[in-house]
Amino acid sequence: MLTITDLQASVDQKEILKGINLEIKPGEVHAIMGPNGSGKSTLASVLAGREEYEVTGGSVDFEGQDLLEMSPEERAAAGIFLAFQYPVEIPGVTTINFLKTALNEIRKSRGEEPLDAAQFLKLMREKAKLVNIDDALLKRSLNEGFSGGEKKRNEIFQMAMLEPKLAILDETDSGLDIDALRIVAEGVNKLRTPERAVIVVTHYQRLLDYIVPDYVHVLYKGRIVKSGPKELALELEEKGYDWIKAEVAAL
Amino acid sequence: MSNTFNNDLKQQLVADFQANESRLNGETKTPVHQTRREAMQNFEKLGFPTIKHEEWKYSNVNSLVKQAFDFNVKTEFGSEELETLAIPNLEGNILYFINGIYNPSLSRIVSPENQLQILSFGQAVKENPSLLDDYFAKYANYQDDAFTALNTAFAHDGVVVNVPAGKVVEQPIILRFITDARTANAASQPRNLIVVGKNAEVKMAEAFRTIGENGSFTNIVTEIVIDENANVQYYKVQNETEKAYHIGTTQVSQKANSHFYAVTVTVNGGFVRNNLNIVLDGQNCEAFMYGLYFPNGKQHIDNHTLVDHAKPNSYSNELYKGVLQDKSTGVFNGKIFVRDGASKTNAYQSCRNVVLSDEASMNTKPQLEIYNDDVKCSHGTTTGKLNDEALFYMRSRGIPKAEAMTLLMYAFCEDVISEIKIEPIRAYLEGVIADKLAQK
Ligand SMILES: Nc1ncnc2c1ncn2[C@@H]1O[C@H](COP(=O)(O)OP(=O)(O)OP(=O)(O)O)[C@@H](O)[C@H]1O
Ligand SMILES: [Mg+2]
Chain E
1 MLTITDLQAS VDQKEILKGI NLEIKPGEVH AIMGPNGSGK STLASVLAGR EEYEVTGGSV
61 DFEGQDLLEM SPEERAAAGI FLAFQYPVEI PGVTTINFLK TALNEIRKSR GEEPLDAAQF
121 LKLMREKAKL VNIDDALLKR SLNEGFSGGE KKRNEIFQMA MLEPKLAILD ETDSGLDIDA
181 LRIVAEGVNK LRTPERAVIV VTHYQRLLDY IVPDYVHVLY KGRIVKSGPK ELALELEEKG
241 YDWIKAEVAA L
Chain L
1001 MSNTFNNDLK QQLVADFQAN ESRLNGETKT PVHQTRREAM QNFEKLGFPT IKHEEWKYSN
1061 VNSLVKQAFD FNVKTEFGSE ELETLAIPNL EGNILYFING IYNPSLSRIV SPENQLQILS
1121 FGQAVKENPS LLDDYFAKYA NYQDDAFTAL NTAFAHDGVV VNVPAGKVVE QPIILRFITD
1181 ARTANAASQP RNLIVVGKNA EVKMAEAFRT IGENGSFTNI VTEIVIDENA NVQYYKVQNE
1241 TEKAYHIGTT QVSQKANSHF YAVTVTVNGG FVRNNLNIVL DGQNCEAFMY GLYFPNGKQH
1301 IDNHTLVDHA KPNSYSNELY KGVLQDKSTG VFNGKIFVRD GASKTNAYQS CRNVVLSDEA
1361 SMNTKPQLEI YNDDVKCSHG TTTGKLNDEA LFYMRSRGIP KAEAMTLLMY AFCEDVISEI
1421 KIEPIRAYLE GVIADKLAQK
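These protein sequence lines map, in sequence, to chains E and L.
Each residue of the first sequence is one higher than the last, beginning at 1 in our numbering.
Each residue of the second sequence is one higher than the last, beginning at 1001 in our numbering.
To be clear, the hints were calculated from the coordinates, so they are not data collected in a lab.
Be aware that one or more of the hints could be misleading.
[Unchecked claim] If you want a taste of the chain L side facing chain E, the calculated C-beta under 8 Å gives, among others: (1) E1389; (2) A1390; (3) F1392; (4) R1395; (5) S1396; (6) R1397; (7) I1399; (8) K1401; (9) E1403; (10) A1411; (11) F1412.
[Claimed, not checked] Derived PhoX-like pairs: lysine-lysine, alpha-carbon spacing no greater than 20 Å straight-line: (12) L:K1401 x E:K108; (13) L:K1436 x L:K1243; (14) L:K1401 x E:K100; (15) L:K1327 x L:K1243; (16) E:K129 x E:K100; (17) L:K1198 x L:K1255.
For glycine and all other residues, C-beta sits at the position ideal for the given N, C-alpha and C.
Generate the whole structure from the sequences, applying the supplied hints.
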């Protein structure tokens, strides 16, 4: 589904991703962990098409298409969704209006009919229930004045609405209380099908108890320096990153 | 200050004035005409302003004053043709001005005569001279402002509107100015006087449209005199062509306990200068001023506001917002005077701009002159770009770039648009603004 080959990217001439290789197949869940500043959000942003990051080498193939040639909106239409580590506040645009525009644009690009107001509201109610998000919140300006947890929940709600093929969750668990964490995880799990895949960027094993990954990767200084089964996350939780840093230094 | 700046338009106007005068016969002795004559002398002395003039530093009328204009373009419009230029679903007292001249036969006045009296300016000189003697040119500054002097000198083509004390005019008054530049460079100088009596209430709008490929020049002055405890809503809606010059002054005088509420929206125009001058000449007045402008291409839009707090205990608040594209330029100059005796004044001002292109520019200048210690004043201006983070967020959810930009800009303007309280005008503007923002 997604094949990342030797991906390099920089911002303001500073090299951040230094050759990432990653293969994701439909149905899989990949967790990406790693110390602060190692490039996890950068990788997520590059996959979503953020223009500030300059891709200086490598390639990304998504279902046979050259992802790097596509605009962010084309990637969304192709089925890529990024849940932001820091969701953006957009005053004056309500979540409802925003999502309706987004959903219908995606439908349009797939040659599907747009949803009318009633169909949209029905779908919205259904999905809002799924992630336990309040109607009143959705009528407000997008993320404006939302609490940290509300913003994260809104990201998962949007994901549920847009039903992407590949969801990239960038620290969606941080800032969530214990109940919200479970709700968000359930939301993600409901989306899991044999056709869809998820990349979970997280610092904590906790989320992975709910969303059980097939693989765990450690990103460090712009490279994936270790990959393993889900047990790797437990090991990291216990031992921290020093032993990995030491392994890298020894090379 | 004498100005020896020589230009075609000035000479043409001086000649026109003399020709006009020779046709007036007895009317030359009236106080109105004495004022016109004085105004003409002032204009001759002042001449058109150059960019050396502090008030015209960023708005250069050089290209205007070098052109020749026909102040008498003859044109015919059928009602159906006018309909196509109208704001849809807008009901009320609709007053048509064709090339600046009030046309009663195309107009439709629906409010009863005891609520609303409307005369053409020329008619008022003959039929209600005392109203003109009391109010005409008592407020607008024809001593120092060249364009106001010029308009005053030619005052003839507008309307005089009188709302008697205690009357609430339910239907809005819509002044629709249609400039037809299909056959020539068309110019006009409407002069309006709106007198609103004690405890009266009225909503009014001035809407400007220009058609045709030639240039146009509108030099309009509207004086609005608001008596005690009266309430006036005023909208100015501009949707003219790239070749349209518009210079307009709305001069407002408020007596005690009155409310004035203005929204100025410039969707299109070549060179636009709006002066909104308000004198709060009584206690407990409230004045609100909102503005929106969307220049693109090479359009130039200049809003000058002046609030003069002459008496204590009054409140003024203004919010202007603009989105600038391409090579367009914008100016906001907001002057607030608080006079010596005007204690307990509250005056707020804010101007926010989004500049979408490196070649567009916005000049903002708040000017506070405060001669009293017991006041609350604040002002702020910002000029920035569209939020890139927000743009990426929206695009990453599937919204195409152009659409995302439109949504963001529209959200930026929303708080001013929502201040337009005549629904069909708001709906019309929402449409034309969305179209314009989506053009990129
Ligand atoms: N726009 C930018 N300008 C300058 N430096 C940047 C920019 N974006 C990211 N960086 C730098 O790139 C490096 C990687 O950042 P990134 O956000 O990808 O890390 P991360 O792994 O997501 O960290 P965290 O766990 O703290 O979220 C950091 O050193 C960061 O400061
Ligand atoms: Mg990060």
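So, going through the hints one by one against the coordinates:
1. A distance limit of 8 Å between C-beta atoms decides the matter here; for L:E1389 the minimum to chain E is near 5 Å, and the interface restraint holds.
2. Checking L:A1390 against chain E by beta carbon gives a least distance of about 5 Å; that is within 8 Å, so the hint holds.
3. Interface restraint check for L:F1392: the shortest CB-CB distance to chain E comes to about 5 Å, inside 8 Å, so the restraint holds.
4. Taking 8 Å as the C-beta cut-off, the interface hint given for L:R1395 holds, the closest approach to chain E being about 4 Å.
5. Satisfaction of the interface hint for L:S1396 is found here, the shortest Cβ-Cβ separation to chain E being roughly 5 Å, below the 8 Å cut-off.
6. Checking L:R1397 against chain E by beta carbon gives a least distance of about 4 Å; that is within 8 Å, so the hint holds.
7. For L:I1399, the suggested interface contact is upheld, since its CB lies about 5 Å from the closest CB of chain E, less than 8 Å.
8. Residue-level restraint check for L:K1401 holds (minimum Cβ-Cβ distance to chain E is 7 Å; threshold 8 Å).
9. Restraint check, L:E1403 versus chain E: the minimum CB separation of about 7 Å is within 8 Å; hint holds.
10. Because the closest C-beta pair between L:A1411 and chain E is about 3 Å apart, less than 8 Å, the hint holds.
11. A cut of 8 Å between beta carbons decides the hint on L:F1412: the least distance to chain E is about 6 Å, and the hint holds.
12. The suggested pairing of L:K1401 with E:K108 holds, with an alpha-carbon distance near 15 Å, which does not exceed 20 Å.
13. Between L:K1436 and L:K1243 the CA atoms are separated by roughly 17 Å; this keeps the pair inside 20 Å, and the hint holds.
14. Our distance criterion of 20 Å between C-alpha atoms is met by L:K1401 and E:K100, whose separation comes to about 16 Å.
15. The suggested pairing of L:K1327 with L:K1243 holds, with an alpha-carbon distance near 15 Å, which does not exceed 20 Å.
16. Between the alpha carbons of E:K129 and E:K100 the distance comes to roughly 17 Å, so the proposed pair stays at or under 20 Å and holds.
17. Pair hint L:K1198 plus L:K1255 holds up; C-alpha atoms about 9 Å apart against a cutoff of 20 Å.
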